[in-house]
Amino acid sequence: MNNESTNSLSHAEIENDLIKNIHWSTKSKIWISTLLVAFAVCLYFYVTQLIHGLGVTGLHDYASWGIYISNFVFFVAVSLVGMLISSILGLANVTWIKPISRIAEIIAVSFALVAGLVIITDMGRPDRLLNIFIHGRVQSPIVWDIAVVSTYVFVSLLLLYVPLIPDFALIGKKLTGLPKFQLKIYKVLSLGWADKPEQFIIIKKLIKILLVIIIPVAIAIHTVTSWLFALTLRPGWDSSIFGPYFVSGAFVAGAAALVIALYFYRKHYGLEKYITDEHFNLMGKVLVLVSLVYIYFNLNEVLVPGFKPGTAAGAHIQELLVGHEATLYWIVQIFGLAIPFFLLLIPMFRKPIPITIISLAIFVGAWFKRFLIVVPSQLEPYLPIQNVPEKFYQYSPTTAEIAITVGSFVLVLIIMTLISKVIPLIPIWEMKEESK
Amino acid sequence: MDREKSNKNTRRDFIKKLGIVGAGTATVATVYFDKNDLKAQKNGKKIKVLTTDKKVVEVDASDIVPVNTEVETDKMQHRGRVGLVGKKFAMVIDLAKCKNARKCMHSCQAVHQLKPEQHHINVLEMEDEVNGATYFMPKPCMHCDEPQCVSVCPVGATFKRQDGLVLIDNEMCIGCRFCIAACPYSARSFNWTDPKDAEKYKDVPYDIELNVPQKLGTVTKCAFSADRLREDKLPYCVSACPNGVFYFGDSNEDFVTNGTTKKTVRLSKLLKNNSAYTLLAELGTKPNVFYLPPNRENK
Numbered sequence: 004m005n006n007e008s009t010n011s012l013s014h015a016e017i018e019n020d021l022i023k024n025i026h027w028s029t030k031s032k033i034w035i036s037t038l039l040v041a042f043a044v045c046l047y048f049y050v051t052q053l054i055h056g057l058g059v060t061g062l063h064d065y066a067s068w069g070i071y072i073s074n075f076v077f078f079v080a081v082s083l084v085g086m087l088i089s090s091i092l093g094l095a096n097v098t099w100i101k102p103i104s105r106i107a108e109i110i111a112v113s114f115a116l117v118a119g120l121v122i123i124t125d126m127g128r129p130d131r132l133l134n135i136f137i138h139g140r141v142q143s144p145i146v147w148d149i150a151v152v153s154t155y156v157f158v159s160l161l162l163l164y165v166p167l168i169p170d171f172a173l174i175g176k177k178l179t180g181l182p183k184f185q186l187k188i189y190k191v192l193s194l195g196w197a198d199k200p201e202q203f204i205i206i207k208k209l210i211k212i213l214l215v216i217i218i219p220v221a222i223a224i225h226t227v228t229s230w231l232f233a234l235t236l237r238p239g240w241d242s243s244i245f246g247p248y249f250v251s252g253a254f255v256a257g258a259a260a261l262v263i264a265l266y267f268y269r270k271h272y273g274l275e276k277y278i279t280d281e282h283f284n285l286m287g288k289v290l291v292l293v294s295l296v297y298i299y300f301n302l303n304e305v306l307v308p309g310f311k312p313g314t315a316a317g318a319h320i321q322e323l324l325v326g327h328e329a330t331l332y333w334i335v336q337i338f339g340l341a342i343p344f345f346l347l348l349i350p351m352f353r354k355p356i357p358i359t360i361i362s363l364a365i366f367v368g369a370w371f372k373r374f375l376i377v378v379p380s381q382l383e384p385y386l387p388i389q390n391v392p393e394k395f396y397q398y399s400p401t402t403a404e405i406a407i408t409v410g411s412f413v414l415v416l417i418i419m420t421l422i423s424k425v426i427p428l429i430p431i432w433e434m435k436e437e438s439k
Numbered sequence: 049m050d051r052e053k054s055n056k057n058t059r060r061d062f063i064k065k066l067g068i069v070g071a072g073t074a075t076v077a078t079v080y081f082d083k084n085d086l087k088a089q090k091n092g093k094k095i096k097v098l099t100t101d102k103k104v105v106e107v108d109a110s111d112i113v114p115v116n117t118e119v120e121t122d123k124m125q126h127r128g129r130v131g132l133v134g135k136k137f138a139m140v141i142d143l144a145k146c147k148n149a150r151k152c153m154h155s156c157q158a159v160h161q162l163k164p165e166q167h168h169i170n171v172l173e174m175e176d177e178v179n180g181a182t183y184f185m186p187k188p189c190m191h192c193d194e195p196q197c198v199s200v201c202p203v204g205a206t207f208k209r210q211d212g213l214v215l216i217d218n219e220m221c222i223g224c225r226f227c228i229a230a231c232p233y234s235a236r237s238f239n240w241t242d243p244k245d246a247e248k249y250k251d252v253p254y255d256i257e258l259n260v261p262q263k264l265g266t267v268t269k270c271a272f273s274a275d276r277l278r279e280d281k282l283p284y285c286v287s288a289c290p291n292g293v294f295y296f297g298d299s300n301e302d303f304v305t306n307g308t309t310k311k312t313v314r315l316s317k318l319l320k321n322n323s324a325y326t327l328l329a330e331l332g333t334k335p336n337v338f339y340l341p342p343n344r345e346n347k
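Chains as they are written, first to last, in the numbering used here: chain X, 4 to 439; chain C, 49 to 347.
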């Protein structure tokens with residue numbers, strides 16, 4: 004276990020290893036500039052959408068929710084990983100998650116924040132955003148969603164911040180070469196932390212409370228997001244298991260995202276002593292577990308309505324399995340779920356590089372799975388689609404739409420990069436405790 | 049018999065009273081005086097004007113001031129939300145008579161400034177699952193009593209009126225399109241791009257009952273021609289049909305009028321005698337649009 008490797012390290016070594024990422028190298032300056040340029044390009048497309056309306060997208064009356072909504076669902080899904088790692092495993096006293104829990108929280112905060120922006124890009128009248136707060140109807144699932152997602156962002160931010168307090172104090176002392184205003188911010192954020200034993204008791208209690216609070220909130224964000232679909236009467240959406248189905252899928256997407264983030268953070272910042280090969284091995288096992296649960300829900304979601312082909316829901320499943328959407332459906336299920344699941348059963352594939360590649364496949368597959376949940380149901384309405392242009396029978400996203408969606412990922416990368424330049428990615432004080 | 053008569057009388061009385069109250073409200077609401085103008089010297093010149101309750105009245109010319117569009121919109125918004133008190137509108141569509149003339153679609157699209165692909169009413173070619181025969185089915189909004197679209201709207205832009213109509217307020221809609229996703233009848237349309245003739249109508253005050261001018265980024269839908277109902281007229285589609293497909297009326301009165309023949313019949317009898325049905329009744333949305341089957345013996 005990692006304990007052995009960190010056990011042998013002195014406190015000074017740990018401190019030096021884990022604060023060295025707070026520094027802008029030329030390489031990282033080039034990286035962030037590239038991201039910013041890419042983001043500016045995507046922003047240009049959003050401006051055209053603001054001017055000309057949603058007509059710049061491939062959306063139409065029969066596929067009125069497209070990749071923006073799929074992407075929103077995906078982002079909410081990925082952000083759930085914070086709760087999975089820190090709370091579920093953390094509260095069960097699983098100790099190996101300590102060095103990776105902060106990275107999981109960074110993913111949670113970044114994706115949840117950007118999810119809020121993604122949903123705004125889907126609005127026909129973003130200028131009327133405030134109407135939701137002025138005239139919001141509590142009966143509407145959209146209002147529930149906004150309420151729980153913002154709560155989740157808030158609690159996740161706290162969960163990222165609170166364990167950082169001792170580390171902020173440390174950075175303030177060690178990195179005196181940083182700009183004055185930055186040091187001042189660290190000082191303010193460290194809230195007068197002085198490494199006193201009673202302070203440690205308080206902070207541990209506080210973290211535990213937050214870890215408990217975040218569980219229902221995290222489950223709520225994805226359950227409510229699933230209800231945006233499940234509460235309608237559409238075949239394919241009108242399903243009573245959508246809540247748990249979405250939550251289990253979220254764990255798969257989120258765990259895959261965490262593996263990818265671990266790989267790149269570890270490689271770039273030289274964190275091999277802390278995020279060990281064993282962490283990848285264990286994350287592989289976590290992925291196997293959550294995939295198994297997700298496969299179980301997939302089976303239920305397909306078999307139960309599919310057994311009744313005469314019903315509208317049955318016809319939808321048929322369309323998915325052997326009809327119009329079959330190609331994409333099987334690619335996603337086989338390459339994004341089944342093959343990764345079987346490969347991860349083999350220890351060899353749980354080594355850092357193979358598992359990162361497998362996680363990328365899961366990650367991409369999970370995105371397209373959301374597309375398959377959102378779009379096809381709309382293209383199979385109860386009443387036939389007639390007297391409309393040919394393109395209304397299909398949905399194909401436009402360049403602008405794709406660019407805006409890519410932009411959301413670029414923004415996540417920007418946020419994750421910026422965060423990694425200002426805070427230690429691994430809780431220093433917890434590592435020091437481990438090595439005592 | 050006596051009982052029926054007295055019932056009728058009370059109903060008539062009730063309607064009369066309603067009329068008086070309605071006219072009163074309308075008059076008060078229509079005439080807006082600007083305080084400064086009231087103080088101004090009257091020049092003695094009288095002008096004859098027609099009030100909304102159709103009376104010719106004479107007013108001083110200096111009292112006539114153009115109502116600003118904001119006030120106009122507010123007024124229309126308010127009455128559009130309230131609806132026509134005591135009514136419960138219903139439509140009956142006789143599928144045996146529809147010959148796909150599409151006059152309903154065209155008149156609707158013209159009045160509501162819609163593009164060719166936007167339908168408040170859409171005539172669908174349907175196939176009978178049992179005998180394979182095809183028939184044409186005009187499909188407006190069902191104006192459900194359990195409207196899914198209204199349940200999901202986050203801001204109350206789309207709403208159900210006491211007279212049964214489901215309308216949308218394009219001044220409030222945020223364009224989330226949850227209502228489009230929720231409607232099992234695909235009855236709603238969205239203004240994805242600039243609406244038809246947007247430039248031409250940009251200064252026209254928004255009329256919630258007529259649902260024009262259309263606005264970019266908002267949802268549009270069939271309003272059962274609420275503006276016409278207010279004038280005691282039949283909806284545009286109903287009047288435009290050359291084949292006698294549509295009946296429209298007030299289910300509280302239990303009478304519907306055919307848009308082509310102008311014949312008024314008992315709603316309950318029409319529905320019962322012709323085995324009327326509603327679309328996707330199993331979903332429990334309780335539509336106010338009823339269909340008479342296409343292949344009946346007593347056409």
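In short, the hints are calculated from the structure, not lab data.
Just so you know, these numbers come straight off a predicted model, no measurement behind them.
Just so you know, not all the hints are guaranteed correct.
One-sided and incomplete, this derived list gives chain X residues near chain C with beta-carbon spacing under 7 Å [said to hold, decoys possible]:
#, residue
1, Gly61
2, Ile123
3, Arg131
4, Ile135
5, Leu236
6, Leu363
7, Tyr385
8, Pro387
9, Gln389
Built from N, CA and C at the ideal position, the CB exists for glycine as well.
Cross-check of the supplied hints:
1. Given the 7 Å rule on beta carbons, the hint for X:Gly61 is violated: about 10 Å separates it from the nearest Cβ of chain C.
2. Residue-level restraint check for X:Ile123 is violated (minimum Cβ-Cβ distance to chain C is 10 Å; threshold 7 Å).
3. Contact between X:Arg131 and chain C, as hinted, is supported at the beta carbon level, the nearest pair being about 5 Å apart and thus within 7 Å.
4. At about 6 Å, the closest approach between the beta carbon of X:Ile135 and any beta carbon in chain C falls short of 7 Å, and the interface hint on this residue holds.
5. A least Cβ separation of about 5 Å between X:Leu236 and chain C falls short of the 7 Å threshold, and the interface hint therefore holds.
6. Below 7 Å, beta-carbon pairs count as interface contacts, and X:Leu363 has none with chain C, the closest being about 31 Å; its hint is therefore violated.
7. For X:Tyr385, the shortest C-beta to C-beta distance to chain C is roughly 5 Å, which falls under 7 Å, so the interface hint holds.
8. Hint status for X:Pro387 relative to chain C: holds, with the closest Cβ pair at about 6 Å, below 7 Å.
9. Against a cut-off of 7 Å between C-beta atoms, the interface hint on X:Gln389 holds, since the closest Cβ of chain C lies about 5 Å away.
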